[in-house]
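> Listed below, chain by chain, are the residues.
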Amino acid sequence: MAYILTLFWIIVAVLVSLAAGWCFRAALIQISGPNMAKVYRTAPLTASFGLLVIIIYILCAIFAPLIAPYGEAEILSGGFMPWSQEFWLGTDNLGRDVFSRLIYGARNTVGIAFLTTALAFIFGTIIGIYAALRGGFIDQVLSRLIDVLMAIPSLIFSLLMLTIFGTNVLTLVIVIATIDSTRVFRIARAVALNIVQLDYIEAAKLRGENTLYLIIREILPNAMAPLAAEFGLRFCFVFLMISALSFMGLGLQPPLADWGSMVRDNADLISFGDITPLIPAGAIALLTIAVNFVVDWMLHRASGLKD
Amino acid sequence: MKPAKSSSPKTKANTKAKNTAKADAKSDDILLQMRNIHIKGKSDETWIDIINGVDLELHRGEVLGLIGESGAGKSTLGLAAMGFCRDGCKITEGSISFDGMDLMQLDKNALRELRGRRIAYVAQSAAASFNPSHKLLDQFCEAPLIHNVMSRNKASKYAVDLYNRMNLPFPDVFGLRYPHEVSGGQLQRAMTAMALSCRPDLIIFDEPTTALDVTTQIEVLAAIKDIVKEFNTAAIYISHDLAVVAQMADRIKVLLKGDEVEQAPTEVMLKSPTEDYTKSLWAVREYTRKEQPAVKNETPIISIKGVTAGYHSSVDVLRDVSFDIHKRRTVAVVGESGSGKSTTARVVTGLLPPRIGTVEYQGEALPSSYQARSREQLRHIQMIYQMADTALNPKLRIRDLIARPARMYLGLTGKALDDRVRDLLRMIEMEPDQFIDRLPSELSGGQKQRIGIARAIAAEPTMIICDEVTSALDQLVAEGILKLLDRLQSELDLSYMFITHDLATVRAIADEVVVMKDGLVVEQGIKSKMFKPPHHPYTELLLGSVPEMDPKWLDKLLDSRGKDNLGDAAIAKMNDEGIS
Amino acid sequence: SEVEAATPKQGGRLRIGITGGATSDVLDPGKILDAYMINVSMGQVRPNMTKINVDGSAGGDLAESWEPSNGAKTWKFNLRKGVEFHNGKTMDSTDVADSIRYHTIEANGSGGSGVVSGIASIKEDGKDAVIIELNEGNGDLPILLSDYHLNICPSKGDGNIDWESGIGAGAYTLEEHEPGVRTLTKKFANYYNTGNEGYFDEIETLGISDPTARLAALSTGAVDAINNVPQKTASRLKSMANVKTLISTGNKQATMPMLCDIDPYTDQNVRNAMKHIVDREELLDKIFFGYGELGNDSPVGPANYFRATTDELPQRQYDPEKAKYYLKQAGMSSLSVKFHAADTGFTGAVDAGALMRESAKAAGIDIEVVREPNDGYWSNVWMVKPWSACYWSGRPTEDWIFSQIYYSKADWNDTHWNNSGFDKLLVEARAETDEAKRRDMYVEMQRIVHTDGGLILPAFLSEIMGYRTNISVPGKIANNWELDGHLCSRRWWRA
Amino acid sequence: MSKVITMIIKRLGLGILTLLLLSLLIFLSVEALPGDLAETILGQQATPENVAAIRKELGLDLPAYTRYINWLGGILQGDFGNSLALKKPISGLIAPRLQNTLFLTLYTACIAVPLALMLGMVASLFRNSFFDRISNTTALSAISMPEFFVGYVMIYFFALSGYFPSMANINPNTPFFDKLYLCFLPAVTLTLVVTAHMMRMTRAAIINVLALPYIEMANLKGVKPRRIIVHHALPNAVAPIVNVVALNLAYLVTGVVIVEIVFVFPGLGQLMVDGVKFRDVPVVQATALIFATAYVGLNLLADIISTITNPRLMRQR
Ligand SMILES: Nc1ncnc2c1ncn2[C@@H]1O[C@H](COP(=O)(O)OP(=O)(O)OP(=O)(O)O)[C@@H](O)[C@H]1O
Ligand SMILES: Nc1ncnc2c1ncn2[C@@H]1O[C@H](COP(=O)(O)OP(=O)(O)OP(=O)(O)O)[C@@H](O)[C@H]1O
Ligand SMILES: [Mg+2]
Ligand SMILES: [Mg+2]
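Protein chains in written order, with the numbering used here: chain B, 1 to 307; chain U, 1 to 580; chain C, 1 to 495; chain V, 1 to 317.
Don't read these hints as lab results, they were simulated from the structure. Ideal placement from N, C-alpha and C gives every residue a C-beta, glycine not left out. Do not take every clue at face value.
Stated by the list, open to error - Only some residues are given here: those of chain B computed to face chain V with a beta carbon under 8 Å:
#1 Met-36
#2 Tyr-40
#3 Ile-289
Claimed, not checked - Derived CB-CB ranges, DEER-like:
#4 B:Met-224 x V:Pro-63: 46 to 52 Å
#5 B:Arg-144 x C:Gly-159: 26 to 32 Å
#6 V:Phe-130 x B:Thr-42: 41 to 47 Å
#7 C:Gln-317 x B:Phe-8: 38 to 44 Å
#8 V:Ala-211 x U:Glu-360: 31 to 37 Å
#9 B:Val-39 x V:Ala-211: 42 to 48 Å
#10 U:Lys-556 x B:Asn-210: 54 to 60 Å
#11 V:Leu-24 x C:Ser-117: 55 to 61 Å
#12 U:Asp-99 x B:Met-224: 56 to 62 Å
#13 B:Met-224 x V:Ala-211: 45 to 51 Å
#14 B:Pro-34 x U:Glu-364: 53 to 59 Å
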């Protein structure tokens, strides 16, 4: 019976999501110019739902202090209050409001993940494209170096680095960005390899353009689609990395709320059938899925398949 | 002429009766009948018309030629004859009846049964249409096996038989090769053989020779013609080259933007086309420019001296190539694919430093690598590419594309730059206000090529290298480009190095011709001289391979040369005889 | 815990899921670090001369009895006769003397060197007795000898001991040993106390560091007993079927040492202010879930004999006003400090920081909680950062804990505290034999630490353990260590 | 064939270079870790004398480069050296762990790879259908959960109810079928973690190929959709798929520390983390080398497979 009920709620949730996606798409089409409206009209419901979720997250992140009923680290009551009018999702062991922390968590987690991923992409793409453009020896050397970095298990690599340089947000961001940029490098290089052999790059070279111009103006705009898709995925992996690190005691600094540590801190409750840790985990999962829905749509558009 | 609404099997006799009434004596053996076909395609979520109500009728054993410029809907119509629509297209109206069956009513499985077995397809690019992962023979046998027409054993034997007839080398083991292991011409013949594997009643040939060299083209044309006759297969032959269609088809249908322009038996169509559009197509082939007077002993703009070059560690691709390009003159470089034409251009631009030899600019040696050349040196030699699609950065607007060289080399900025861009656009006959802010993807092929030209002249060069600039274009559009180049040459005192494999183009615009083969210059000289015998045998072969507007041309050629002395085979024979 | 059936049953296997195992664990008694190896080595395989009884007193193990003389400076230990090592060799005084001496040799780098630092010499006295000379009198020596490093191993005869083989005189013989992962020991037939102790046939010790995994293992019956249940989940443990909870509150203590030689903690007023901004009740309640006892900024705990009563030393309360007052005394109106913590320090240390941060605001003190990596915490943070989190498993005697941590010259003086009056009292109390006087002295010392020291001690922590009902546990268990003083394999039996 | 052999030789050379650089990198980072084994062993009772004694005993007093070169020399003679902490040959320490890790990797691979390929192919066959979306969403949800969380959920559903053990404390002597049973939950957890990536790549790679002319040709020959996917698209999508599979298998060998902790699985990852914790440089080095070898080797294997399945590379004119 319980299973049937669960199934029922899952179906309801899916339908509600799709309906939300539909409404959001309709709204987007209404408010945007004719060009963009045409694009949005092609969006499947999943993608518009994804977009909606992403926008909600971004809003949460930006306006966290306005939305959250209580402060991030404010201790309000005894530990583990149940869900109530006052505390929507109850309180955590210290008596902090879980709902507020979830919202602040969006800011910290999404913010840091975004920063990290952006950094990784700036490093990774520029070096990757540079390697593809120069080819030959430089390419080999860079690729080997990256290979070396990739051959070290990322968790252990970050463990080493964080132990050496200490755990603070900055090192965390830089270390994860470094690890991630190796993956980005590979993709950027692969994509760029296909572009650098096109005639317009040859034409630009023959014109006497310098390398930076070639990378930024000629190659990068054309490598954007696959890179953007990768951005979505990498972005999600950064959360997971941060939460894995906080599992090992190396995550974000308290009292910053981040979803990874929120899952970690309450994870053992799940073995007693308590769903509290599911909420931040669900927040991560929802964003991942949302981002990937949008990415799928973008890739689909780029692939040229029409069915 | 609206078709009967009801086209269920029951009314078959009925339809037939109607047809009999309409058509001539041969009407009994009508194989394919398409009536009032409307096809729409989806682009950016809106449905646009691709075919607007075309009728098509084909008898058993008959070959119908379908011609029209790119995008006219030839392929779409050809595929519709198989009851097939590409992704994103749909047949909105009309009826297709094949051998009495209504293809519009058949379900997926029944259609699938038909395809490959009774109607086969030969695609434009065999190289892309063969699955690179499987051997030719396996791909040959696939259709007979899935349609249960023959056993694998029998199919293999049949393949060898067909390969033999198609004059393919070592027919016994030919099928054991992978697609990338055979030449383009052979691949195209193998594809034709594959289409025949189930002995279909109808074959659709979709531009089977467009991607090939003239020399190779003949080979394939001969094979197709032969086989179609032999098996008495009906065929739709799609092409944009009138001369080619003339060789193959009994009847020709001309399409323009999804509408039928006219249709007539081949002879009639060639002699007396009625529509203007058709006439203009015919006229293109006649365009020729006046030959420029020969120059006296002045220093050439570019002088290629004893250049030997190659890629990486491989053999020399160019061997001791030398020729000059003088001011205001067009030097056409011709030769089959792989003969080293583009490589020569790469040496001149400095992309490929030669192993031996130099390139001189106005008597003064240029650094061999472009990286070592000064901006001024780079500015003087500009290049226009064959594929306008890949030559223009799809993410930059026209304004930026054209402005870049002007800003770089001439230091123009702001208003001056904008004016210059507009001037250039006007020069290439494109209205600035309309085009300046577009992206390349918003232009047609010919327009893109014009932008490429504008970009080259924005640098105010003295010489432009044109690498197959018209090969990817329709004849009408190509003619426009040639005229434009011609005009710019006289206005701006340009020299051209014009690379092409199309002799008709050479005839149209060259002053001098350089014939290349296997990295060697086999013959060079003034155009008028080059088009008059006696020739070097290779030049002769090239010239002789250009199809003419005479439906009998191919037959005559085959008679005179023999089936075994075409294309690759002829070249191989020439090599054996040591003529180079 | 309840009173169990009086006659223990023989046989069966005990599977312990325990923390503190590491791949790099060695059998060298000097290198024993944590629960896993303590349980295996001291608890199962290689008992010491003495052990701590359930009531907290020192009892003989391989030593049968002892006599102090010369003002507790000279000690004679009579060894139990006929004790056999697992290899069949009979234990004699050489084995014992070499085993203790091992830790006094600097080159061996033993973790027990501190415990034996007071020993001037150790001599064999015939085959069955050893005589230990101390530098100065110490009535606690028998208790000191129960330290988990001081396992008795067979001597090699050349003054060295054979620890590599894992042979001891314990109730169980070492059969399989995968460091940090799994150890299997089997009942030793010739154990000296067979029949009264060591009822199981086999003990399987499994290293399970993840708390959730440990709980799951207990709940599914993959192990019979676990240690170190997080307080957070203790209440859920109670609701599990076939599982019972064991709680013992000993001297295990969460501490927050301030380094008294680093500003601002050089000022006693600042230290006092800091002590008043900690809401100990809230910490005990929220961080330790009530499993423990309130601390009073003195390391002497519930298992100690001379612990000051609340009359003698009133419980310090959360009082931001007082904190403000002390700050003013120090000439400050506000203060911002960093609290360095990791869960290695004590479980919940980081959260404790968060709570203190809130409670300190009222006194104008701003606490920044710095989360440090667990890895390398003890070398990089503890005793390095001016204010950090730490825990002590506690010591059975006042002298031991004071001299190890609060004596100005102690190696582990983690508050960098130097109080000459305290130091003087410490030496005097050690030699004092009059119990009443001794008590006064220890209470006074507790007061000094309480008022002047750099120690904030919010709570003494309970050990929470769980065991399955197929195991029987004696009515009273030791509280010096978890798992019945780590002697569970000797004292428990199969139900 | 010779082409493959030259490629293998070339890649092996590069692989060895990678390993060399990597060992240097790891060595330097472990050197850079604050504290050393001596301090760690002594923990709270480190005194300068104690520490110096242990350092000397462990050879930590030698300069770093000497230690590195000694270590490298040892490796070249097939000797991984001794663990500093255990003073025992590392090979003996690693062998059973490596065996365990490989077992779990293979076990997971046997479930995950066929599953991912199957799902990917079916999803590409019914692309944008309900099935496609459901499998995609499920897969994404699985990867978006932190690994330890997936592990806990598994324990909650399958271990606490008694179907499977929550601990996978196997050793090389455990009978094979017991191993299968004991490692079921970790294998399923890891499957959930890696399947999505492989499945999505399979789907994407196949769909990418589906736009090519030879697929249209196959359609026009009357080939059934299923055969088109399996026979025409898949062979041409092998390269990207194999690469992703290799990457994920490498991850299974190297990246499962967390799953090891949750399921009490004695694998290599835990060994390395302990090595880092105790600053046991030789152990860290040896495990890092094994991981890197797995990574390099699997990538090489992927390249070999994509080469030999690609006739264009195998049979060049
Ligand atoms: N899948 C499709 N979806 C939407 N529009 C399409 C599709 N395929 C082709 N079209 C459009 O249909 C028109 C006719 O295309 P078709 O390929 O039939 O032309 P064609 O005459 O064969 O040209 P070409 O000589 O270039 O092969 C073109 O404008 C093209 O853009
Ligand atoms: N980048 C390259 N690396 C190695 N070999 C090359 C490269 N580009 C061309 N070649 C080889 O050099 C030879 C000459 O090629 P080139 O492109 O100059 O021929 P082409 O006459 O321009 O032919 P087409 O008409 O097909 O453009 C060919 O055999 C070709 O395979
Ligand atoms: Mg076409
Ligand atoms: Mg070329």
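> Now tell me, hint by hint, if it's right for this structure.
A quick look at each hint next to the structure:
The closest approach between the C-beta of Met-36 of chain B and any C-beta of chain V is roughly 23 Å, which is over the 8 Å cut-off, so the hint fails. Restraint check, Tyr-40 of chain B versus chain V: the minimum CB separation of about 18 Å is more than 8 Å; hint violated. The beta carbon of Ile-289 of chain B comes within 5 Å of a beta carbon in chain V, closer than 8 Å, and the hint placing it at the interface holds. About 50 Å separates the C-beta atoms of Met-224 of chain B and Pro-63 of chain V, a value consistent with the hinted range of 46 to 52 Å.
Look at Arg-144 of chain B against Gly-159 of chain C: about 54 Å separates their beta carbons, and that is not inside 26 to 32 Å. At roughly 19 Å, the beta carbons of Phe-130 of chain V and Thr-42 of chain B sit outside the given window of 41 to 47 Å. A hinted range of 38 to 44 Å is violated for the C-beta pair Gln-317 of chain C and Phe-8 of chain B, which are about 53 Å apart. Taking 31 to 37 Å as the suggested C-beta distance range, the pair Ala-211 of chain V and Glu-360 of chain U does not conform, at roughly 47 Å.
Taking 42 to 48 Å as the suggested C-beta distance range, the pair Val-39 of chain B and Ala-211 of chain V does not conform, at roughly 20 Å. With their beta carbons about 58 Å apart, Lys-556 of chain U and Asn-210 of chain B fall inside the hinted range of 54 to 60 Å. About 42 Å separates the C-beta atoms of Leu-24 of chain V and Ser-117 of chain C, a value inconsistent with the hinted range of 55 to 61 Å. Between Asp-99 of chain U and Met-224 of chain B the CB atoms are about 51 Å apart, so this pair departs from the stated range of 56 to 62 Å.
Between Met-224 of chain B and Ala-211 of chain V the CB atoms are about 20 Å apart, so this pair departs from the stated range of 45 to 51 Å. Between Pro-34 of chain B and Glu-364 of chain U the Cβ separation comes to about 56 Å, which falls inside the hinted range of 53 to 59 Å.
Violation of the numbered hints given earlier is confined to hints 1, 2, 5, 6, 7, 8, 9, 11, 12 and 13; the remaining hints are satisfied by the structure.
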